[in-house]
Amino acid sequence: MSDLSPNLIPAETPAPKYLSGLRTVLRDVMSRPSGAIGLSLVVFHVLLALTSPLYVPYDFKTMNSMLMLMPPSSEHWLGTDHLGRDVLTRVLLGGREALLVTGVATPIAVVWGGFMGILFGLVGGRIDEVLMRVVDAFLSLPWILKMLVLIVTFGSGIEVLIPTLAFFYGIPVIRIARAATHDVVARDFISAAKARGHGRMTIIRRELVPNVLDTLMVEGAMRWSWMLLAFSSLSFLGFGVSPPTPDWGLMIADARGFMSFAPWGVLGPVIALSSLIIGINLTADALAKALGIDRAQKAPV
Amino acid sequence: MPVLRNIDLVVRRGESVGLVGESGSGKSTLALAAMGYLKRGLQLMDGSVTFRGDDMFGQTRQQLERIRGGHLALIPQNSGQSLTPTSRIGMQLVEALKLHRKLPETAHLPKVIELLGQVRLPDPETIVSRYPHELSGGQQQRVAIAMALAGEPEALLLDEPTTGLDVTTQAHILELLRDIAAERDMAMVYVSHDLGAIARVCDRVVVMYAGEVVLQGSTRQVLTAPMHPYARGLLASIPKLSDPRLPVALDGRPPPPGGAGLGCAFVDRCAIAQERCGCERPALSPLPSGDVVRCHFPEQASQISIMGSGADPVRRAPGGDAALSLRDLSISYSRPSLLDQILRRPEAGVATVDDISVQITKGETLGLVGESGSGKSTILKSIAGLLPPVGGSVTVAGDQPLPFAVEKRGPDHLRRIQLIFQNPDDSLNPRHTIAQILEQPLRLYFGLTGAALHARSAEILDRVRLGAHYLDRLPSQLSGGEKQRVAIARAFAAEPDLVLCDEVTSALDVSVQAAVLDLLNELKQSQGTTYIFVSHDLAVVRALSDRVAVLYQGRLCEIGPAKDVYALPSHPYTEVLLGAVLEPDPDTAPTLTADDVVELSPPETGCPFQRRCPRSLGPVCASDIPPWQTSPEGHAIRCHIPLSELAPAQSLS
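Top to bottom, those sequences are chains A and B.
Mapping of the first sequence onto my numbering: residues 1 to 301, in sequence order.
Mapping of the second sequence onto my numbering: residues 1 to 653, in sequence order.
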């Protein structure tokens with residue numbers, strides 16, 4: 001109990017910026033260099049994924065034994081791979097699957113993780129303690145092991161990958177949402193609402209959730225980039241997208257063997273994948289700053 | 001945009017200079033600049049800082065590291081909390097010694113013990129092996145001071161070193177700083193918003209406003225007859241024990257950094273501003289008294305009153321209907337553990353708050369004072385239903401006793417009791433606009449919607465002297481004082497009978513505090529509201545309360561009409577508290593009769609104050625709960641010492 005808490009709220013310490021409305025947040029994100037670059041990269045990749053089938057120069061699966069591992073030329077700007085397929089075409093198309101899977105799985109992960117986290121945070125006490133230990137146990141297992149077990153059991157189609165990724169990546173969200181809930185619940189505006197006599201659900205909906213949502217938004221952006229990396233790793237290992245569908249992770253795996261004399265096969269997908277992940281991370285960073293959240297978490301790259 | 005402008009300040013050895021001003025006036029920035037440090041985003045535009053002949057901004061990083069903490073030490077606000085929690089006190093001091101002094105390894109421990117003794121920590125030999133969390137806030141602050149002294153500094157910079165400490169602790173720390181500065185012939189720069197502390201420690205005072213020095217002079221001159229309208233306004237806005245009237249608010253707020261126009265930065269808030277002030281910036285000019293002042297009309301300025309000539313607080317005569325009665329209220333934070341529940345063991349330990357019986361009449365203001373941990377806020381939370389008591393009863397307006405838990409109370413009872421919190425940053429949801437904040441009680445209690453809701457919200461805002469244009473703003477877009485007004489507006493939107501004010505002015509600047517007190521007084525007058533006003537600041541409580549109750553360790557020590565509680569006879573604890581209050585008057589010295597030990601739990605038997613009481617009678621205080629002794633005026637003191645003896649002994653001390 002701090003009856004005698006500091007007498008001054010010094011004007012020197014910048015107050016956390018809480019912004020109303022999505023538009024103000026977006027404007028703030030765009031006004032930061034990291035946000036402007038990051039968001040442009042993300043938007044670019046999403047647009048590319050949506051429209052690339054309309055203008056790719058070649059068919060992604062046409063093999064040509066005459067054109068195996070050709071260096072970049074005027075016909076094949078990024079060269080060809082070991083099966084003679086056009087690398088540029090495959091790079092342009094290679095993010096579609098990844099973005100689709102992670103784009104669907106991320107919101108699901110944030111929603112279920114956020115819901116459980118808020119619930120645990122509110123329930124508190126021993127139930128919360130026990131459940132959080134279960135969460136810890138889950139988190140202590142290497143993710144790739146967990147994923148592989150499920151994929152080996154159920155197969156590697158989209159219908160398996162989306163729920164699997166959403167499930168595993170929702171678990172760390174539980175922790176974050178629970179911590180954020182604990183922080184908010186301790187604040188006086190919750191006590192004030194209680195003392196006024198508002199119902200439990202009203203307090204959760206009106207007072208708690210809007211304040212936890214900021215953290216969840218940033219967390220969601222972070223989870224997205226982690227998930228992309230996981231998806232590409234799975235493809236790399238051969239458990240994600242099945243050939244001949246183009247995918248960056250798969251392309252890197254395929255071209256890896258020829259890297260010493262045909263580096264263009266790796267370069268294209270690597271640049272594409274890392275620019276997307278960097279873009280998401282920069283956006284998450286700017287978003288966190290715009291929402292006034294201190295994010296000490298490390299980026300996955 | 002310059003944040004600080006044209007500052008010329010020389011501090012000599014053995015001299016102690018106070019920097020005062022509202023938050024945002026640049027006083028902390030100036031103190032840090034004296035160390036050659038600028039906060040991020042700031043840069044040196046012009047001028048220099050010289051310490052012992054060296055230009056601080058011309059030093060290399062290594063040179064600066066050697067000077068800082070060595071010859072020039074900083075004691076920041078809450079420095080006690082900046083001690084490393086995982087390292088023993090002794091180790092931390094040894095590290096400071098190694099860094100700045102070349103002593104043989106064997107001399108470290110004796111030196112550390114010597115330093116701890118110099119800051120008057122009891123039993124330095126054992127403190128050495130303690131961890132910071134095992135010490136009280138005041139003790140931590142002493143360790144921080146010892147650490148600053150480790151480098152044998154020639155100058156100390158103190159940035160609000162006692163903010164957040166209890167009155168008695170604060171008084172002790174200030175006495176310590178005074179003595180240390182005198183013993184070591186150190187220069188001190190003391191940054192504070194608290195003129196009482198400044199009066200006690202400083203020889204010279206520099207008043208800052210909007211990044212400029214507006215007045216500089218001897219402490220006596222500045223505190224008794226300042227020649228600048230801002231300094232006068234500041235003095236008038238401080239509640240003083242010697243002046244029971246409401247303090248006068250200093251309206252308006254300072255211009256944002258670099259936002260001052262052509263003229264005097266204070267022109268918008270100045271009572272004697274003339275045409276010339278708006279277009280011509282006054283220069284610092286010397287006065288016959290030796291002060292320097294930045295004002296065109298210092299003669300007229302000296303006509304402005306520095307006393308609390310604000311509205312007389314509305315005082316209610318005793319008697320009338322009860323608005324609230326608390327009977328034998330006891331509250332405990334400890335919940336029985338699972339094992340205790342299974343074994344059905346009786347609850348162990350003493351209740352945090354116990355045996356509180358108070359009756360408050362309609363329209364009365366009851367002040368509740370005590371140090372941190374005395375249970376003031378706990379009692380308010382219990383009345384509001386947020387913390388169910390373990391025993392006793394809470395009754396509103398002679399009704400049936402209220403259910404303890406807020407969920408079980410009827411809407412009408414909920415509406416009639418409203419709570420205002422200490423820190424509006426915490427009590428207003430940062431994601432809600434002011435309109436959404438005010439809507440909640442209006443919808444909940446009165447079912448207002450649409451145009452009626454909007455009109456009512458605007459009307460309520462108007463009542464707290466904020467306009468309807470605030471409705472669409474977010475709390476972060478408001479100043480501290482404005483935010484607290486919104487919190488007050490939200491409470492009054494419920495048209496309550498009883499408003500519980502929990503340290504509502506503690507997070508505000510003095511000038512803003514005066515405005516909030518004035519507003520509360522006005523609302524009391526127009527609405528006939530009953531207040532319970534909790535504060536650690538005895539002068540603030542005095543300015544607003546009809547009756548005052550003094551709490552120690554969750555037990556009532558004394559209760560009675562404000563003027564009687566603040567006069568003789570007093571409970572020994574009240575006497576200690578009043579003695580430690582620092583007034584902005586260079587002629588008063590605090591009388592420190594009890595040490596500033598912080599007790600964490602009340603004793604199991606006897607008087608709660610027995611362990612610190614300077615007038616303890618011995619075994620009887622430890623074994624028996626003292627009886628209430630009530631005077632005909634309704635002034636009650638709970639002490640074994642007879643009233644007749646409590647009075648004359650005091651006039652001697």
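Treat the hints as calculated values from the structure; they're not laboratory data.
Only a predicted model underlies this, so the values are computations on that prediction, with no experimental measurement involved.
A few of these clues could be false.
The list that follows gives simulated cross-link-like pairs (lysine to aspartate or glutamate, DMTMM-like), each with its CA atoms no further than 20 angstroms apart [to be verified]:
(1) Lys194(A) / Asp412(B)
(2) Lys61(A) / Glu75(A)
(3) Lys289(A) / Glu75(A)
(4) Lys194(A) / Glu645(B)
(5) Lys194(A) / Glu495(B)
(6) Lys194(A) / Glu407(B)
If you anchor each label on the Cβ, the simulated ranges turn out as follows [as the list claims (entries may be wrong)]:
(7) His82(A) / Thr84(B): 46 to 52 angstroms
(8) Ala137(A) / Ser623(B): 53 to 59 angstroms
(9) Glu495(B) / Leu141(A): 45 to 51 angstroms
(10) Met132(A) / Asp624(B): 44 to 50 angstroms
Cβ atoms here follow ideal geometry from the backbone N, Cα and C, with glycine treated the same way.
### Task
State the violated hints by number, sorted upward, taking the hints as numbered earlier in the document.
3, 4, 7, 9
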